[in-house]
Amino acid sequence: MLARVADSMYWMARYIERAEHTARLLAVKLESMVEQSPEEAEASWVRVHAGLTGEPFKHARADAFEIVRETAFDPLNHSSLVSCLGFARDNARQVREQLSTEVWEHLNRLYLRLRTVTVESIWVHQPSVFFRDVLEDLFTLGGVTYTTLRHGEGWHFLELGRFIERAQLVSRLLDIHFGLAPGYAQPLPAPKYFDWLVLLKFCTAFEPYSREYTATIRPEKIVEFLLFDAEFPHSVRFAVDRLREALEHVAPGAPPARRSGCERLSGRLKAAVDYGQIDDLGSVSVNRFLTDIARQCEQVHDAVYAAYIAYDAETVL
Amino acid sequence: MQHGAGMKELTRAEAVSGPLGAAPFGNYVLGPAYDEMFTPDGGLRPNYAALGERLASLPADELNRRQQACEQSFLYQGITFTVYSDSKATERIIPTDLLPRIVTAAEWARVEAGLKQRIAALNLFLRDIYSDGRVLKDGIVPRKMILGSKHYRREMRGVPVPHGAYVNVCGTDLVRRADGTFVVLEDNLRVPSGVSYMLANRDVVRRAFPGVFRAARVKPIEHYPLELLATLKSLAPFHDDVSIAVLSPGVFNSAYFEHAFLARQMGVELVEGRDLLVNDNVVYARTTSGLKRIDVIYRRVDDDFVDPLNFREDSSLGVAGLFNAYRAGNVALANALGTGVADDKAIYAYVPRLIRYYLSEEPLIENVETFLCREPAQLSHVLANLEKLVVKAVGESGGYGMLVGPHASVAEREAFAAKVKADPENYIAQPTIQLSTAPTFIDGSVEARHVDLRPFILCGEETRIVPGGLTRVALRKGSLVVNSSQGGGSKDTWVLSE
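Residue numbers (the working numbering), protein chains in the order written: chain A, 4 to 320; chain B, 2 to 499.
No wet-lab data here; the hints were simulated from the structure.
None of the values given here were measured: they were computed from a predicted structure.
Incorrect hints may have been included.
Unchecked claim - Taking beta-carbon pairs under 10 Å as the criterion, some of the chain B residues facing chain A (in silico): (1) Tyr77; (2) Val247; (3) His260; (4) Arg265; (5) Gln266; (6) Val269; (7) Val272; (8) Asp276; (9) Leu278; (10) Ala286; (11) Thr288; (12) Gly291.
We put the beta carbon where it would ideally sit given N, CA and C, even for glycine.
Chain A on its own, in the form it takes in the complex:
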């Protein structure tokens, strides 16, 4: 596979994952805000904003309408839903000949439809319904991709991008619920029962969590579940396992010497989530652990680029 193609497949998947994350956070948040007091809702919106942008909060107050506009529809915000789908589509266009017609047309249609939507137009009805519809479309896209694309190298680059992104997004979301959201002046009120419930829903985790631990909401169990559960698709450990698998299948012709960097780093990351444990729910310990996971994901990304995508041609001649 061409190195440039691998690059586009990888980023296409990352942006689609980010779009899915955004749509889900907004849908869940919009659905749940009616049950919160104004102060709680505001703190919760600030956390959503941080989870989606990683940027300092610039609004005077946490206004749902403005945050949805910024995180879903603002074309100048590069992590907004519409931007993410636009970038995913741009990358897909770059590798149009590698994708099935079904995958391309589904993504293209979704993007073209979304481009004409504004926050005003969804606000007159139930805005959460719009994001649920987008999620449905993204699930369909996932299914179409799984079922029409050859599970060859390109597909493994998609998997790699998807799960690196997921590991980072879930880590960031947990991080925000355990400490200061980055760049914020004053500390947010500590998450309450309802916030933990919503956190699970942000990760489609409420039902699987309840089956595992019953519906009793305990922050340490939530962290354990979202970080270390081996079988839940939105846990960090699950994502790391998938990205390890994907790494075994990409660049099948590359010699062992070129593979070693990625293997070592992804192995270390896997060890961290396989054998990791959180004893102390103090924000320092949790934040340190999550920061380390996020940093290791970055290192895997850099190693993949150095070995397979942005390598110097002189080194392989």
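Following the hints, complete the assembly by docking chain B onto the known chain A.
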């Protein structure tokens, strides 16, 4: 490309019986040009009988619905080109007209034979001018005209080209004269585009008129990518495990959809210049697993941009060292470099002579009549008939350096005559050309619009032509300009089996 000028005002055909005059043909106006569907007295030509009946039986909003479905399908498939304005890039579809242009089997047989003959002569000519130059020594074509052409590539002299096929993909623009015969308007021997529209149009139009399509026994065209693949394979320096790539300038090129489409349909790699590198005169693609050798490149990048070492230094689209690898015979390029010398306006006029010279045959498809001002007898004819002719400077394009005689004032004609007399070698002249008209779906009814036809000729070890081509249509009423940048669209082209 401007197809001459000087259109007469069209007059509505009077007192016609049959479908002409009734919905959806109420606005269908027959002019002096040949009409593809109707005879001059308003009767349906036999090849259009089934379609004509179907159209007459469909409610107007049903036609509208099918046209919209067809446009939406293009949008979803991403068959778009990008228009850049005020820092904002918008994607537009190239308008596709729902109504097919129908060519009979007998007409096609003649066109096909004529195109094969023409490409054979042009390839022999290219081989000749890049080797012995016999045609120049024999005085058939002026030496100065070839060696002075900016498309002549001195670097190509003596470079062996597989099967002598310099032009592997040719798009020849044909128009129909008022008497119904096809003539060649232009040869496109460099990087002709449009074949993806030919295939995409077929796809949507077949769905819009399944019954008529089945009954008409239209010759298939879907095998074009396979034929192209076979042509490219036949150029490989060796024959086992040939690795082929389509070289595109990238996603911002207006024909990017086509590049990706062809690569996907052929099952070959789509590459950009930045994916390739040359080491020791061998071309490689950068893959995730390392470098992979490339043997044949279907390049959709112009000569000038192919290799910054040999041609334009500022090109970022090309591959440094590609030309040396090519000259060493380690990679085949389709089309070969330097083919542009054979499709400029002046050489065009010589093609009938080239056919006679190389093949000892009479041309099966004629040119549009062209006067070469460099020949004294023709010059005096041109000067005496300036008010009827379109005079063009050979080296110019896009309507520059051109006199449209029927529209020019006496003073303009006199001024232009002086320029022609001062430098006759630089000018050719043609009568104004009437393109044929074909039924086109316009705002809920069917009207006559001017069309041309671009068939695609493939030439490697053998010459193959997929029956049909891209019919381009000037959507503006009375316009003769079929270019997509100027209000042109395209149509499916049906070649009937019998």
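Hints, one by one, checked against the model:
| no. | hint | in the structure |
| --- | --- | --- |
| 1 | Tyr77 | 5 Å, holds |
| 2 | Val247 | 8 Å, holds |
| 3 | His260 | 8 Å, holds |
| 4 | Arg265 | 4 Å, holds |
| 5 | Gln266 | 8 Å, holds |
| 6 | Val269 | 9 Å, holds |
| 7 | Val272 | 7 Å, holds |
| 8 | Asp276 | 5 Å, holds |
| 9 | Leu278 | 5 Å, holds |
| 10 | Ala286 | 6 Å, holds |
| 11 | Thr288 | 6 Å, holds |
| 12 | Gly291 | 5 Å, holds |
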